[in-house]
Amino acid sequence: MNWGRLAPYFFISPWIAGLLLFTLGPLLFSLFISFFDWPIVGEKTFVGFSNYATMFTDDPLFWHSLWVTVKFAMLFVPLNIIMSLFLAILLNKKLKASSLFRTFFYVPSVISGVALAMIWGWVYNGEYGILNYFLSLAGIEGPDWLNNQKWALLAMVIASLWGQGTMMLIFLAGLKNIPKDLYEAAEIDGAGKVYCFFKITLPLLTPTLLFNLITTIISAFQQLTLALVLTGGGPLGSTYFYAMYVYENAFKYFKMGYSSANAWIMFLIVLFLTMLVFKSSSAWVYYENEVKNSK
Amino acid sequence: MKSKRLIRSGTLYIVLVFLSLLFLAPFFWMVTTALKSPDELYMFPPKWFPSSWQFENFGKAWNSQPFNTFLMNSVIVTFLTTLGQIVSSTLIAYGFARFKFKGRDFLFIVLLATMMIPWEVTMIPQYMEFNYFGWINTLKPLIVPAWFGAPFYIFLLRQFIMSIPKELDEAARMDGANSFQIYYRIHLPLMWPIIVLIGVFNFLSSWNDYLGPLIFLNDQSKYTLTLGLAQFNGMYDVNMEGIMAVTFLISLPPLIIFFFAQKYIVNGVSSTGFK
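Respectively, the protein sequence lines represent chains B and P. Going by numbering that gives the first Met the number 0, 70 is the number at position 71 of the first sequence; the sequence numbering is gapless. Going by numbering that gives the first Met the number 0, 111 is the number at position 112 of the second sequence; the sequence numbering is gapless.
Hint data in this document are derived by calculation from the structure and do not stem from the laboratory.
Far from chain P, by Cβ distances over 10 Å, these chain B residues were calculated:
id: 1; residue: Val76
id: 2; residue: Gly189
id: 3; residue: Lys198
id: 4; residue: Gly236
id: 5; residue: Trp283
In silico DSSO-like pairs for lysine-lysine, Cα to Cα no more than 30 Å straight-line:
id: 6; chain 1: B; residue 1: Lys93; chain 2: P; residue 2: Lys1
id: 7; chain 1: B; residue 1: Lys92; chain 2: P; residue 2: Lys262
id: 8; chain 1: P; residue 1: Lys262; chain 2: B; residue 2: Lys179
id: 9; chain 1: B; residue 1: Lys43; chain 2: P; residue 2: Lys139
id: 10; chain 1: P; residue 1: Lys1; chain 2: B; residue 2: Lys92
id: 11; chain 1: B; residue 1: Lys93; chain 2: B; residue 2: Lys175
id: 12; chain 1: B; residue 1: Lys70; chain 2: B; residue 2: Lys278
id: 13; chain 1: B; residue 1: Lys192; chain 2: B; residue 2: Lys95
id: 14; chain 1: P; residue 1: Lys3; chain 2: B; residue 2: Lys179
id: 15; chain 1: B; residue 1: Lys175; chain 2: B; residue 2: Lys278
id: 16; chain 1: B; residue 1: Lys93; chain 2: P; residue 2: Lys3
Covered by chain P, according to a simulated footprint, are these stretches of chain B (three or more residues, beta-carbon under 8 Å):
id: 17; stretch: 17-26
id: 18; stretch: 268-276
Even for Gly, the Cβ is constructed at its ideal location relative to N, Cα and C.
Start from the sequences and build out the full structure, keeping to the hints where you can.
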């Protein structure tokens, strides 16, 4: 009898243990150490909010890496959404070979970030890379992408876009869920393609858009592997992302307390942005029942 | 009318082929570079095809570093994390889907909320924790957490289990089966498609993981493939053809898995309920 009541807890117990050991525990502990000066070897000293104060007032790298990340996000988020939506719309057309093309577009997403970085490092090579070769065909002399302060961040954006097929699949799933009869009805009323896109496709896709927007923002702020492998943050810090700043403070300079404070600021920024998007969503996300009601 | 449609689908095909070339060209470039001899590597304009195919590049590059060891480590980590995820996530999802208990809904919201926590925040305490356990520089930090389930997989599986008719459970219970037997004999076999899906997802994320190994491993004999490849990058005596050869070899297993599991991935994404 007693067993019966305990059974569900037995089944979910691994998750509860994992939550305490690897997520919630570390999360709270991270907040705790962010109030300490804690080199990995040696004594910890309580410093109150001084880690947080230092960041804002006395650490140019904090502002710099944050700015690099914001610039990256401002390019990456809209481009990624537009590109994956565009690809999904193309693939949603009735074509025999669309599953083949879907595979082609998705393939870069299954390989490792490190492999992806290696391939792009070679593509971007200033002297022998194919990117500059293609540009030279158009009569443009390409820069040495990864060693050029002006272009390195854009190079990161392009390489990141290449591995983002999952978003395309999610959009495609969203598109397939839009009832066909809506288009047929609109067509009978004499509506054009553009009208259909803005009045049917886009509104009905907004819940998917919301999901993709949030996950892209989060992934933009956590961008790290590509920069670690491709540029190491350079040239001249032009690809020094915030995540790299957190990482280096912890594992290069061993300032565990300070780095934890960095990480918490990042958490708060991401949380704030997510909330902002959520809050705004009531103004632009349509749910199906609303559409039905307004008919 | 018919010719108009033909033109339209023709243009669509041209656009799709062009875009596919953009997506595949870097891959193609990687493979042909891997097969070139050093003197053809640094030519401008680049040669698309090597004049003589250097298949021995693969062996040479692979053996220039202990990639066999790295492969072994990657295989161990990927296999054990995938097994762990399947065992624990199915159990946990079953618990959430089939029982009413105190705090269930609250715990489920917590589960979903934990997906939002950036890894950076828990990274340092986890490092300290594993250091305390004496796990740094072993494969344990990469494997053990997987045995406690992952929110995303649990969520997927729970959605799936809720679609299994409850009558099945009741019939089995009449026959004297207990909860665990219902999970093991009835639900587990039915969950198969989603299990394949999370197996593939986990294979990919574990095989491709770089930051975990980077932080938790420091002895070369413990390195995984991604770490080996990244370290390869900084060496002076290796050529681009070697780097590309190893990059290709490391990317091969995910590509093969993806090829066979394609329909599960695509259907899986569609079944997650995004509308």
